[in-house]
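K.L.:
Protein chains in written order, with the numbering used here: chain V, 1 to 367; chain X, 1001 to 1367.
Keep in mind that the hints are not guaranteed to be accurate.
As the list claims (entries may be wrong) - Heads up, simulated SDA-like pairs for lysine to any residue below, C-alpha to C-alpha not over 20 Å straight-line: (1) V/130 with X/1037; (2) X/1130 with V/29; (3) X/1264 with X/1017; (4) V/130 with V/114; (5) V/54 with X/1157.
Stated by the list, open to error - Now the stretches of chain V that chain X is said to cover, found in silico as 3 or more residues with beta-carbon under 8 Å: (6) 93-104; (7) 140-150; (8) 324-332.
Stated by the list, open to error - Okay, the calculated bits of chain X under chain V, using three or more residues with CB under 8 Å as the criterion: (9) 1012-1021; (10) 1048-1062; (11) 1095-1107; (12) 1110-1124; (13) 1341-1349.
If you are wondering where the hints come from, they were derived from the structure by calculation, not from laboratory data. Note that the structure is a prediction, hence the values are computed from the model and not measured. The beta carbon of each residue, even a glycine, is placed where N, CA and C say it ideally should be.
There are 2 protein chains.
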Amino acid sequence: MQSVTRQKTRVGEFELIARLQAVLDEARQVAHRIAPPPAIVDIGDDAAAVRRGKLVDLYTADAMVDGVHFRRGQIPWKDLGWKAMASNQSDIAAMGGHPMYALVTLGITVDERAEDLEEMYRGLTLAGNKYGGQVVGGDIVRSPVLFVNIALTGVADVPVNVPEVERAPVMKGTMRQPGVAEAAVLMKRSAAQPGDLIGVTGKVGSSAGGLAALDRSISGPEAQTLIRSHFHPEPRVPEGLILVQNGVLAAMDISDGLVADMGKMAHLSNVSARIELDRVPVDAALKRLFPGEWNAMVLGGGEDYELLFTAPPSLMQQVLPMLGNSAAVIGEIAAAATGGSETVLVVDSHGQPVPVRHTGWDHLLET
Amino acid sequence: MQSVTRQKTRVGEFELIARLQAVLDEARQVAHRIAPPPAIVDIGDDAAAVRRGKLVDLYTADAMVDGVHFRRGQIPWKDLGWKAMASNQSDIAAMGGHPMYALVTLGITVDERAEDLEEMYRGLTLAGNKYGGQVVGGDIVRSPVLFVNIALTGVADVPVNVPEVERAPVMKGTMRQPGVAEAAVLMKRSAAQPGDLIGVTGKVGSSAGGLAALDRSISGPEAQTLIRSHFHPEPRVPEGLILVQNGVLAAMDISDGLVADMGKMAHLSNVSARIELDRVPVDAALKRLFPGEWNAMVLGGGEDYELLFTAPPSLMQQVLPMLGNSAAVIGEIAAAATGGSETVLVVDSHGQPVPVRHTGWDHLLET
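Next comes chain V alone, as it looks inside the complex (with noise of 0.2 Å):
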């Protein structure tokens, strides 16, 4: 009907959000009156956070697409509400946040039974329960494509404008100033600095290797295990809550790949960052069963949402322990790269170059 000539988006995610961006920010400069403080943190990090009188909540929203972020028939659809609450949660434990509320929009083609969106919504109240996020509203609305989009609300740990002394557990290994406690207490992409050592909470690469195994058909133990990953991963909520309590300020989670959400991190901070692989954990299952691929999937998989931190070595040698056995120190922060030498280098345990495939898994330009 319509006669509209179509051309291509054409553009990257990365430019596409900037662009849309300076929408927002050109929209800032002439708001009304009425318009509510700015936020704390904006976009550009895993969770928007903003002041609520002597709190500051956070928010962040993530969808999944039917053929792209999953397959109907093949995740069960406990495990589709789990994954979409977790890969929320995990948003939140990147900021160092417990988890609050909840709003789920479905999209339905009607072609569903409702005992399997029953299931899917026992799926996402039992991610809920366990690491927290209640489900008070949303939207249900009839779509081409099944999708579910989850926006979730944290608050951080320590409410804003208490005094150092009433936190516990007492901080150390960070120096801190007067004043900042504001920012002390949410962990933020931008914060990493030269010196600092780069830990990860877990295993990395799982998710990839379980999706992989999917493709493949490949079965057995070992390849549960990995799909296991791919379908219900563990949001590292807790663990968030121990680093931000015991001073970290830098973190992400790892849902576009370790080389590539390094390096959202390095550019936010204006650092540089030396990936030893050798020393990040992989699951040896991983190992086992892609023998020629591993690599590739530790450094370019996503969805492992996994927490990647960064701290100086003294306060990187208290928490590690706190975070449970596959949490590892895999590298270090530098100065910002200056010409044209990598701002994420991954090298091998003779400290070579190892080439990385994906530097940036672009959410718009690749399939």
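Fit chain X to the given chain V structure using the hints.
P.N.:
Below, chain X alone, put in the same frame as chain V:
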């Protein structure tokens, strides 16, 4: 690839919502200790309300899907953004709140031009700047169909636990018990009382008329007026604040049609409603362009985003003149219907029942 036998959802919107609500209720029975305090107002109202320190925050989400809620190529991109934001602002308005922060989830086919998406963002920031609502984050994903979901937060007009005397303007015309301050600062669907009059903030049916004008390629200034109502609704945020500040307790927005929405309010309030068709404000253009159909558009058409509210006669008399020329009393609330009588009865100027085509717009069963 998959061999799953697909069956139809088969249940309507209201049954599906009830079944999913049951899953949520079950989950709350076993909620983890870190569960946040329960919402003050939960699923079923225009927005959820939760306590954040001394504030009461509001959360709502609304999705628009290409081919279902709009047609790409027909609605101007700027209006698409405006309408996506306005439908959410309308939900906050219906609770008597101020819109605050927005998360925008955009599902794009990558067929869209970046310039068009920028225009869409301009539209939503225009609505945000006019009525409140600042975009602080969201998600952009690939999707086989274009969709936009906005999750919007708001704040109730008066912080809870503030003595009545501190409020301005002073409330008149309502009886208040000490200790009910919390409930009094929000309007709910469930608060209509027998003896209340029913009010609307403006003209009803114009959006449906605009859609019909588009579908039938009717042109001219009168059609344009109606199409403007359809593409560019004004959320009644200032009106919602006037209502709540003056003590109105029961309101919702008209998004699914006057009779259907009145029915929801009556059901949740356990009352019945009598609407006098001739008292409903209707645009003269609608009557002229659709002489045989305007009745049905007024009673059954959706997306007007006017506020529907009830109040005792004295309060209604006081508040109505504050709302502008189009606001009107359109009927009254009585005790719950018994013995097969209609929950929402529509009558003509002689008191004779008017047949109602749509008694409930079901988003899932109807197209």
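K.L.:
With reference to the structure, classify each hint as holding or not holding.
P.N.:
Structure-based check of all given hints:
1. V/130 with X/1037: Between residue 130 of chain V and residue 1037 of chain X the Cα gap is close to 15 Å, so the pair holds against 20 Å.
2. X/1130 with V/29: 13 Å, holds
3. X/1264 with X/1017: 14 Å, holds
4. V/130 with V/114: 24 Å, violated
5. V/54 with X/1157: 18 Å, holds
6. 93-104: Holds: 5 residues of the region 93-104 of chain V have a Cβ under 8 Å from chain X.
7. 140-150: Per the Cβ count (8), the hint holds.
8. 324-332: violated (count 0)
9. 1012-1021: holds (count 6)
10. 1048-1062: holds (count 11)
11. 1095-1107: Held - the region 1095-1107 of chain X has 7 residues with a Cβ nearer than 8 Å to chain V, which meets the minimum of three.
12. 1110-1124: Since three or more residues must qualify, the claim that chain V covers the region 1110-1124 of chain X holds, with 9 doing so at under 8 Å.
13. 1341-1349: violated (count 0)
In this structure, the hints that do not hold are numbers 4, 8, 13, in rising order.
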